[in-house]
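J.: Next come the chains, spelled out residue by residue.
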Amino acid sequence: MTNDIAGIKKADVILIIGSDTSAAHPVIAARIKQAVREGTTKVIVIDPKEIVMADYAEIYAAHRPGSDVAVMNCMMQEILKNGWEDKEYIKERLEGFEEFKAEIMKEKYSPENVEILSGIKAETLRKIAELFGKAKTASLYYAMGITQHTTGRDNVWTTANLQMICGNLGVEGGGVNPLRGQSNVQGACDMGGLPNVYPGYQKVVDANAQAKFEKAWNCKLDNKTGITVTEMIDGAYDGTVKALYVMGENPFLSDPDQKHVIAAMEKVDFMVVQDMFITETAEFADVILPAAAYAEKDGHFTNTERRVQRINKVIEPPEGVKTDWEIVQLIANAMGSDWNYETVKDITKEINQLTPQYGGITWERIGRFGLQWPCPNEEHPGTPYLHKGKFARGKGLLSPIAFKEPDELPDEEYPLILTTGRVLQQFHTGTMSRKTEGLNNLAGPMVMISVVDAEQMRISNSEIVKIATRRGEITAPAFVTKRILQGVIYIPFHYKESPANVLTNPALDPIAKIPEYKVCAARIEKVL
Amino acid sequence: MIVYLNGKAYKAKPDETVLQLALRNGIYIPHLCYHEKTGKAAKCRACVVEVEGMPGLKTSCNLPVSDGMYVTINSEKVLQAQRVVVDLALSSGQHDCLSCEQNGDCELQDAAYYLGIERPSFQLYDDKYEMDDSSEFIRVDRSKCINCGRCVEGCNYTVVNEVLNFGNRGFETKIVFDGDLPMGTSACVQCGECVQLCPVGCLIDKRAIGSGRVWELEKVETVCPYCGVGCRFEVHIDRKREKIVRVTGVEDSPTNNGMLCVKGRYGFDFVNSEERLTSPLIKENGKFKEASWDEAISLVASKLSSLKKEFGSDSIAGLASAKVTNEENFVFQKLIRKEVGTNNIDHCARL
Chain A
1 MTNDIAGIKK ADVILIIGSD TSAAHPVIAA RIKQAVREGT TKVIVIDPKE
51 IVMADYAEIY AAHRPGSDVA VMNCMMQEIL KNGWEDKEYI KERLEGFEEF
101 KAEIMKEKYS PENVEILSGI KAETLRKIAE LFGKAKTASL YYAMGITQHT
151 TGRDNVWTTA NLQMICGNLG VEGGGVNPLR GQSNVQGACD MGGLPNVYPG
201 YQKVVDANAQ AKFEKAWNCK LDNKTGITVT EMIDGAYDGT VKALYVMGEN
251 PFLSDPDQKH VIAAMEKVDF MVVQDMFITE TAEFADVILP AAAYAEKDGH
301 FTNTERRVQR INKVIEPPEG VKTDWEIVQL IANAMGSDWN YETVKDITKE
351 INQLTPQYGG ITWERIGRFG LQWPCPNEEH PGTPYLHKGK FARGKGLLSP
401 IAFKEPDELP DEEYPLILTT GRVLQQFHTG TMSRKTEGLN NLAGPMVMIS
451 VVDAEQMRIS NSEIVKIATR RGEITAPAFV TKRILQGVIY IPFHYKESPA
501 NVLTNPALDP IAKIPEYKVC AARIEKVL
Chain B
529 MIVYLNGKAY KAKPDETVLQ LALRNGIYIP HLCYHEKTGK AAKCRACVVE
579 VEGMPGLKTS CNLPVSDGMY VTINSEKVLQ AQRVVVDLAL SSGQHDCLSC
629 EQNGDCELQD AAYYLGIERP SFQLYDDKYE MDDSSEFIRV DRSKCINCGR
679 CVEGCNYTVV NEVLNFGNRG FETKIVFDGD LPMGTSACVQ CGECVQLCPV
729 GCLIDKRAIG SGRVWELEKV ETVCPYCGVG CRFEVHIDRK REKIVRVTGV
779 EDSPTNNGML CVKGRYGFDF VNSEERLTSP LIKENGKFKE ASWDEAISLV
829 ASKLSSLKKE FGSDSIAGLA SAKVTNEENF VFQKLIRKEV GTNNIDHCAR
879 L
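For the protein sequence lines, the chains are A and B, in the order given.
Position 446 of the first sequence, counted from 1, bears residue number 446 in our numbering, the numbering being contiguous throughout.
Each number in our numbering corresponds to the 1-based position in the second sequence with 528 added.
In short, the hints are calculated from the structure, not lab data.
Just so you know, these numbers come straight off a predicted model, no measurement behind them.
A hint or two may mislead.
DSS-like, lysine-lysine: derived pairs with alpha carbons at most 30 Å apart [claimed, not checked]:
(1) 259/A <-> 815/B
(2) 108/A <-> 134/A
(3) 831/B <-> 215/A
(4) 768/B <-> 345/A
(5) 836/B <-> 259/A
(6) 831/B <-> 267/A
(7) 837/B <-> 513/A
(8) 539/B <-> 313/A
(9) 313/A <-> 836/B
(10) 513/A <-> 101/A
(11) 390/A <-> 42/A
(12) 836/B <-> 203/A
(13) 837/B <-> 215/A
(14) 345/A <-> 734/B
(15) 768/B <-> 815/B
(16) 121/A <-> 42/A
Bound conformation, chain A alone (with noise of 0.2 Å):
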């Protein structure tokens, strides 16, 4: 998030698109639910379910999934046409407004066109582009929804051309804000977790921060950027990744075409898995270590606003188990090197050093409720909001940015649109969440379909049925509503009963490398 949760009821206008905040983001959710109530806040929401969120906004609008550029494109074309654009910001702080309204202002973007492309009424879009350009202060919420498609890169792009020619960037209770969907997903890519940058988004490719890691851990470094989770996958499959080493993670179920992913774990020389369970993805190990849950052991978390926060032992791990780290300095020192930390705050205090934007995030200075991102030194007091008076980069530069349909559309032989997700009682793949009995029992496997297209194939509500697509079947229960587009199915990936990623396209965006999740084409059938 370019902003923090607190600034949520600063904005007067919030866009949710590609976001079911109540189900994957309950208490921010919870937020902009009292912003509503509080009458300070208008929101639109617009998701080809009706998702909770819409009972609270001022306008829902159900789009076709992957239409999104289309959609704000549409919104950016009316707030130029209408002048309720931020011309000062626009003059100030962006550049390459030319070429961008140059695509903006195509034909092909008009209220009428983008009707046709995205399944909004056109006098709808029209309503929205008002209400959010008007807006003194908006901000925009997003996840997956958003970033999971073949066009993610662009999808992204977008939402912040948006807020940008609004000038809703770099103020408080602004701005472009991904709701990141893991407890540490942030601080994962914060601290490198990503084969294109070292911590704190140096990037490998760049000679000084190459120079800078390697004299500080006293060794040569490579640098080509690395292999992304998808590409791993691949190449197990081909024969050109020999060994996986796979901390805490469960690509079984969610990688996209589980046929492929299952075949390319069959194929890889030897894989080492490190969790709390035999999960899925760990019967394919050949060598398995236990770790350390959460509750067992110190360290920190880096959440959605960019917060870290200490997180706190709670109770001793069972015999026999050891912390990540120990785990991974053990590995490191059987492989010849020489690794020292003897507890956890060690490896923080070389994080302070080597991280720049955690430069002042301390052990000791930290406190219970954290700093926030960047701080790069100890007098220095954290960031709320990202951007303020100038960006990151100088000028915020606007690109223009086309219209691309997704990889695959529905056919006669698979009519519909399937789109994935998650559902409020679970979590990502189900590895902490379903040992709770009771979630289980509030929620299990399920293919939403509209009461329309189940009428048409006389499908009944629980009634299982099979879901296929060109990689793969599986059979689920029905959920029929009328909160959900014609045309579209939604499947959530948590279950290893009815795993929707056996069904999912695995193309990718050719830069962000993220799998089309949230559009494939699909058909149901009856099981009888």
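Dock chain B against chain A, hints included.
T.: Just chain B now, kept in the frame of chain A:
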């Protein structure tokens, strides 16, 4: 601004109430409906005080401070009024502390203790409400409800799930879910905010029932392991069994203000799960076999080293984790970059 409480001067903030000033200075005034999050209610009237120059008794929870205000909180007149209020609350429900889950953490009990009430003077309770056990994680025992309204306020204005309300009138008043459905069939999402706000034993974490008295449990603060909001919570642990009994939200946390969701509050079973791994496992002939840490670590290290030698560093790839700490991710990428010698590291940020 100076305000006098029992003759002693205190510096008051302009926007606070007499009750807030007292509580901030460690002075107890009984209060059952007021909670800092749900705000002024002036409903239960347990917080009455005397103010010089004002007629009668005033509820301190909605009484704004003013300069030079002279407040008496312990006169016999005040205590007598408070006793009647608390006595009636005790008399109108089945407040048996002996096996009540809230014993030791009950605000009605605190008020009775402060006012020296041994047992209720009246028997107004007529056994009319059934226990509602229909919800997966929350028990509703309306015989213990004092109609303070905190849960209704919290459900509607804090978490804004808009499920709880008051039904009926007068003596028949009770809390209802969605126009009087059993809690388990209502639209309740079981976030547990009402449980956290309930001053008595009416709304209870079902799973904690019988798992230890409040004073037997140790509380440690940490961060929720589920989504990325980073809600801060307190884990209540039974040290004898080294087991998590319940979880409550941290009220002054800037991320969550005490709020949690059903996963964060109730989904902690995985930590104490019987299925936890407790020994490294090595696969031999397709079957896992328990191994020592030394065996497992040296096998991993020698395999990685030999593959690196034979096929090069880029033949190895590592997946870090969105569920472990910054420190653990840091050392993991250091292992892959420094010891293995490749940038083939990623995690499920995109998935």
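J.: Honestly, which of those hints from before does the structure not fit?
T.: 8, 9, 14, 15
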